[in-house]
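Protein chains in written order, with the numbering used here: chain A, 1 to 174; chain B, 1 to 100; chain C, 1 to 686.
Bear in mind the hints are in silico, worked out from the structure with no lab data behind them. By construction, the Cβ of each residue, glycine as well, lies at the ideal position given by its N, Cα and C atoms. A portion of the hints provided could be inaccurate.
Pair ranges (Cβ atoms, derived) [to be verified]:
no., chain 1, residue 1, chain 2, residue 2, range
1, B, Glu88, C, Gln661, 40 to 46 Å
2, A, Val162, C, Leu684, 37 to 43 Å
3, C, Val643, A, Ile155, 30 to 36 Å
4, C, Gly649, B, Glu88, 25 to 31 Å
5, A, Asn27, B, Glu88, 14 to 20 Å
6, C, Val643, A, Arg170, 29 to 35 Å
7, A, Asp2, C, Trp685, 51 to 57 Å
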Amino acid sequence: MDFSALAFYVFAALAILASLGVVGQRNPMYSVMLLITSFGALAGLYVLLDAPFTAVTQIIIYAGAIMVLFLFVVMLLNVPREEPAPALFATLAPHGLKIGAVLSLILGGEMVWALKRLPRGWFDQDAAAQSVSSVALIGKSLFTQHAFAFEATSILILVAMVGAVVIARRGQPS
Amino acid sequence: MITLNHYLILSALLFAIGTAGVFLRRNLITMLLSIEIMLNAVNLTFVAVGRYLGTVDGQIITFFVMTVAAAEAAVGLALVIALFRHRETLSPDAFTALKW
Amino acid sequence: MLILIPLLPFIGFVVNAFLGKRLPKSISGGLACAAIVGSFAVALAAVWSVVSSHHAMEQTAFTWITSGELSIPFAFRLDNLSSLMILVITGIGSLIHIYSTGYMHDEPDSEYARYFSYLNLFAAFMLVLVLGASFPVMFVGWEGVGLCSYLLIGFWFKKKSASDAGKKAFVVNRVGDFGFILAMLIIFVTFGTLDIQAVAAAAHSTYTPETAGIGVITAATLLLFLGATGKSAQIPLYVWLPDAMEGPTPVSALIHAATMVTAGVYLIGRCAVLFSLAPITLAVVAAIGTATALMAGTIGLVQNDIKRVLAYSTVSQLGYMFLAMGVGAYAAGIFHLYTHAFFKALLFLGSGAVIHALAGEQDLRNMGGLKKHLPITYWTFLIGALAIAGIPPLAGFFSKDEILWRTYSTEWPAFHLLLYGVGILTAFLTATYMFRLVFMAFHGERRHEAPPAHPEEEEPVAHAAAAHAASAHVAPSTKHGTQHAAPSTQHAHGAHIHDAPPAMAFALIVLAMGSVLAGFIGVPHAIGGNNWIETFLEPAFLAPDAVHEAAEAVHAGASVELMLMGLSVGLAAAGIGLASYFWLRNPAASAAWAQRFSGIHRLLLNKYYVDELYDAAIVQPIKGISTGGLWKGVDAGGIDFAVNGVGLGVRGSSSLLRRLQTGSIRVYAASLFAGAVVVLGYYLWR
Numbered sequence: 001m002d003f004s005a006l007a008f009y010v011f012a013a014l015a016i017l018a019s020l021g022v023v024g025q026r027n028p029m030y031s032v033m034l035l036i037t038s039f040g041a042l043a044g045l046y047v048l049l050d051a052p053f054t055a056v057t058q059i060i061i062y063a064g065a066i067m068v069l070f071l072f073v074v075m076l077l078n079v080p081r082e083e084p085a086p087a088l089f090a091t092l093a094p095h096g097l098k099i100g101a102v103l104s105l106i107l108g109g110e111m112v113w114a115l116k117r118l119p120r121g122w123f124d125q126d127a128a129a130q131s132v133s134s135v136a137l138i139g140k141s142l143f144t145q146h147a148f149a150f151e152a153t154s155i156l157i158l159v160a161m162v163g164a165v166v167i168a169r170r171g172q173p174s
Numbered sequence: 001m002i003t004l005n006h007y008l009i010l011s012a013l014l015f016a017i018g019t020a021g022v023f024l025r026r027n028l029i030t031m032l033l034s035i036e037i038m039l040n041a042v043n044l045t046f047v048a049v050g051r052y053l054g055t056v057d058g059q060i061i062t063f064f065v066m067t068v069a070a071a072e073a074a075v076g077l078a079l080v081i082a083l084f085r086h087r088e089t090l091s092p093d094a095f096t097a098l099k100w
Numbered sequence: 001m002l003i004l005i006p007l008l009p010f011i012g013f014v015v016n017a018f019l020g021k022r023l024p025k026s027i028s029g030g031l032a033c034a035a036i037v038g039s040f041a042v043a044l045a046a047v048w049s050v051v052s053s054h055h056a057m058e059q060t061a062f063t064w065i066t067s068g069e070l071s072i073p074f075a076f077r078l079d080n081l082s083s084l085m086i087l088v089i090t091g092i093g094s095l096i097h098i099y100s101t102g103y104m105h106d107e108p109d110s111e112y113a114r115y116f117s118y119l120n121l122f123a124a125f126m127l128v129l130v131l132g133a134s135f136p137v138m139f140v141g142w143e144g145v146g147l148c149s150y151l152l153i154g155f156w157f158k159k160k161s162a163s164d165a166g167k168k169a170f171v172v173n174r175v176g177d178f179g180f181i182l183a184m185l186i187i188f189v190t191f192g193t194l195d196i197q198a199v200a201a202a203a204h205s206t207y208t209p210e211t212a213g214i215g216v217i218t219a220a221t222l223l224l225f226l227g228a229t230g231k232s233a234q235i236p237l238y239v240w241l242p243d244a245m246e247g248p249t250p251v252s253a254l255i256h257a258a259t260m261v262t263a264g265v266y267l268i269g270r271c272a273v274l275f276s277l278a279p280i281t282l283a284v285v286a287a288i289g290t291a292t293a294l295m296a297g298t299i300g301l302v303q304n305d306i307k308r309v310l311a312y313s314t315v316s317q318l319g320y321m322f323l324a325m326g327v328g329a330y331a332a333g334i335f336h337l338y339t340h341a342f343f344k345a346l347l348f349l350g351s352g353a354v355i356h357a358l359a360g361e362q363d364l365r366n367m368g369g370l371k372k373h374l375p376i377t378y379w380t381f382l383i384g385a386l387a388i389a390g391i392p393p394l395a396g397f398f399s400k401d402e403i404l405w406r407t408y409s410t411e412w413p414a415f416h417l418l419l420y421g422v423g424i425l426t427a428f429l430t431a432t433y434m435f436r437l438v439f440m441a442f443h444g445e446r447r448h449e450a451p452p453a454h455p456e457e458e459e460p461v462a463h464a465a466a467a468h469a470a471s472a473h474v475a476p477s478t479k480h481g482t483q484h485a486a487p488s489t490q491h492a493h494g495a496h497i498h499d500a501p502p503a504m505a506f507a508l509i510v511l512a513m514g515s516v517l518a519g520f521i522g523v524p525h526a527i528g529g530n531n532w533i534e535t536f537l538e539p540a541f542l543a544p545d546a547v548h549e550a551a552e553a554v555h556a557g558a559s560v561e562l563m564l565m566g567l568s569v570g571l572a573a574a575g576i577g578l579a580s581y582f583w584l585r586n587p588a589a590s591a592a593w594a595q596r597f598s599g600i601h602r603l604l605l606n607k608y609y610v611d612e613l614y615d616a617a618i619v620q621p622i623k624g625i626s627t628g629g630l631w632k633g634v635d636a637g638g639i640d641f642a643v644n645g646v647g648l649g650v651r652g653s654s655s656l657l658r659r660l661q662t663g664s665i666r667v668y669a670a671s672l673f674a675g676a677v678v679v680l681g682y683y684l685w686r
């Protein structure tokens with residue numbers, strides 16, 4: 001087995017295990033940490049896919065900014081460990097876990113089954129050369145073909161900033 | 001050899017895990033984290049298929065997805081903070097004002 | 001010019017209806033009288049022109065209905081028959097209007113004006129009826145007079161019996177109108193037109209008399225006759241007329257004696273061509289007319305209310321008119337209509353004068369001895385009574401005799417001799433009950449007290465009635481009883497009773513003269529006259545293009561005619577004599593006879609229980625179906641339930657659906673998830 005295949009399996013396993021941990025952990029702090037791990041694994045996968053720019057962006061934005069934000073909130077709110085399920089929907093609650101698990105399995109199974117029916121998609125080796133110089137290509141495409149979306153996204157960020165400040169502000173405006 | 005199918009199956013699994021997390025967890029923040037997992041799974045799909053087709057569009061889409069995810073995480077966390085101030089709890093079951 | 005004839009009273013109606021409240025009585029009454037007198041003047045001019053030119057006058061007011069092939073103009077036509085009718089309507093109408101100014105004088109201004117507006121409206125509609133050139137126009141008038149009859153019968157609507165009587169009249173009339181409408185439909189379908197002249201021409205040229213079975217013409221004419229029975233109070237739809245006496249007496253005189261009730265007779269005369277082609281219908285008409293005449297005559301014999309006697313007398317005389325129409329003697333029927341208008345109006349107005357003088361008393365048992373107090377009333381009344389009894393040379397003799405002669409001498413229907421017998425018996429009864437009325441009211445001892453200050457105070461009257469029980473009929477509770485329909489008189493008449501005031505007396509005298517003289521236009525050939533009215537009216541009963549046939553060969557037997565004349569006069573005199581025995585010379589005998597035949601007496605007093613029969617057989621079942629079935633079942637149960645049910649359904653379903661709003665985020669997420677699974681599965685499956 002060559003290096004890329006091994007790397008793939010390693011990163012994949014790491015991502016899945018970390019995600020499972022995020023979902024299964026009771027302590028939110030641990031969840032956040034595990035998610036950062038998962039993002040790291042995904043960044044490795046991006047590198048394997050000849051998308052270094054995306055990998056770096058993943059680390060910077062996701063792991064560096066968003067997760068830090070989560071951390072701040074978790075520490076600010078002093079989020080406690082999660083309690084056991086309350087007696088809401090008394091009839092269904094005991095089975096909630098089971099139902100959710102079943103549904104998830106079904107969903108996952110559906111996807112796998114569907115995907116398996118696709119013909120094997122081999123990656124084009126020649127295209128690998130193109131994607132190496134992907135940063136310049138990405139930049140060029142962003143600012144010409146997708147310029148409108150680019151600008152719109154900036155406005156979106158502005159709106160999100162203002163919204164976050166307004167919503168999280170303490171007290172009523174006078 | 002690693003084929004596109006491997007990546008697609010992987011992202012499908014990640015997506016399922018994320019969905020399960022949204023459904024199962026009784027903590028608002030953890031639910032948001034699960035949503036991030038889902039978004040990441042989708043990102044992986046895009047990049048993989050973009051690589052398969054030999055274009056750069058997959059990465060461009062991921063660029064936008066990340067931006068949107070950041071914005072959404074920010075606003076979502078602001079909401080969580082506001083809600084927490086109301087009820088001193090982060091369990092979604094406590095917020096039933098929309099109940100009939 | 002023709003339009004003016006109904007238009008003038010209509011204008012009078014409009015003015016009085018809208019401005020009457022503010023007008024003093026002299027103006028509103030004067031205006032109404034001016035309208036009808038003006039109409040009379042125009043009518044005279046129009047009739048003069050028609051008679052002198054021997055040509056009918058026509059005028060169209062406007063085009064009323066145009067729909068596809070159907071075109072109905074609002075057209076009037078004045079020929080010989082309608083000439084006579086409009087003169088009767090406007091002439092006697094004018095007299096009654098003038099009379100009413102005196103009779104209704106005690107009413108408040110607004111009521112006075114309302115009365116005259118209705119009276120004018122009635123005259124307008126009646127004129128439209130007789131002048132109408134097509135069936136729909138005639139029907140407008142037909143319905144209109146029915147409406148005015150309702151309004152005027154229920155004039156004192158605050159009194160329940162009056163408003164009930166008005167409703168009864170209208171509803172019963174409606175049954176007849178249903179027949180009229182069906183007949184119109186049949187005629188339209190058969191002939192394609194509704195213009196009376198056109199229909200007559202088409203029928204005459206296309207059809208032969210339908211002797212075998214019921215054909216189209218017979219069906220149409222039978223339905224027309226049904227309408228006529230409603231309007232002219234024949235069996236089976238006569239029940240409204242006696243109750244209609246709740247209205248003011250001039251109304252009874254005008255509408256229920258002289259004009260509206262004659263509309264049915266007029267209808268048959270107008271459609272004479274059609275009726276001549278349907279011998280079966282004619283037989284039915286004659287039979288019903290005769291039966292009604294006899295029945296009403298017997299009932300009138302024992303009634304105690306002065307107006308009821310006259311009402312039944314009207315029904316009976318109308319029966320005579322229908323008998324005449326039934327044997328094909330159309331001119332004789334119209335002739336009797338004309339003379340009857342005079343003396344019946346006179347009798348009613350005279351009774352009105354009596355009622356007015358006695359401040360509302362209408363029971364014959366409480367009258368008597370009025371001859372010396374009300375001379376004008378008495379003598380005019382007597383003339384009217386003699387006329388109706390058929391004593392020559394007064395008007396009634398000529399017309400009634402013509403009818404009886406024609407009944408005797410005709411060939412159709414086969415049972416005409418039976419009809420003659422019943423007719424002559426009814427003539428005897430007519431004389432009897434009419435003079436019973438005269439003797440009880442005007443002769444004998446005075447049984448009434450001076451009219452009390454308050455009309456409700458009936459004790460003196462009741463005492464008098466009890467004391468004179470021997471002279472009154474022992475009658476069980478009567479439904480019509482002593483209904484005081486008089487306006488509230490605030491002033492007592494004191495110890496003396498005053499005779500008719502000038503307005504009323506004028507009308508009485510003119511009508512009395514008419515009753516004497518009116519008959520001379522129809523003196524039969526047998527006693528030397530030229531029967532002018534028959535020749536005058538003849539063209540109206542023939543089809544437009546028919547050959548003017550010579551007078552029917554019933555001249556044969558002039559001696560028979562004279563004999564029959566003598567017989568009828570003799571019977572009339574016998575009737576008067578009988579009445580004088582029982583109610584003038586030996587009042588106790590009438591009470592004794594009433595006791596002996598108490599069963600029959602009660603039967604007659606209760607009008608053969610026909611009203612009760614109708615109520616049980618028709619009214620109650622309809623009420624039952626309407627209340628139980630249609631109201632509770634269909635309306636409340638069905639329609640309301642459907643409408644409310646929609647609301648209930650929405651409420652129920654929404655109370656179920658709202659449970660989806662659990663407010664729990666996790667449930668929402670779960671449902672999203674489940675939905676996504678389903679949709680994805682579906683697409684993957686395909």
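Hints versus structure:
no.: 1; hint: B:Glu88 / C:Gln661: 40 to 46 Å; in the structure: violated (24 Å)
no.: 2; hint: A:Val162 / C:Leu684: 37 to 43 Å; in the structure: holds (41 Å)
no.: 3; hint: C:Val643 / A:Ile155: 30 to 36 Å; in the structure: violated (53 Å)
no.: 4; hint: C:Gly649 / B:Glu88: 25 to 31 Å; in the structure: violated (44 Å)
no.: 5; hint: A:Asn27 / B:Glu88: 14 to 20 Å; in the structure: holds (19 Å)
no.: 6; hint: C:Val643 / A:Arg170: 29 to 35 Å; in the structure: violated (54 Å)
no.: 7; hint: A:Asp2 / C:Trp685: 51 to 57 Å; in the structure: violated (38 Å)
Checked against the numbered hints given earlier, this structure breaks hints 1, 3, 4, 6 and 7; the rest are met.
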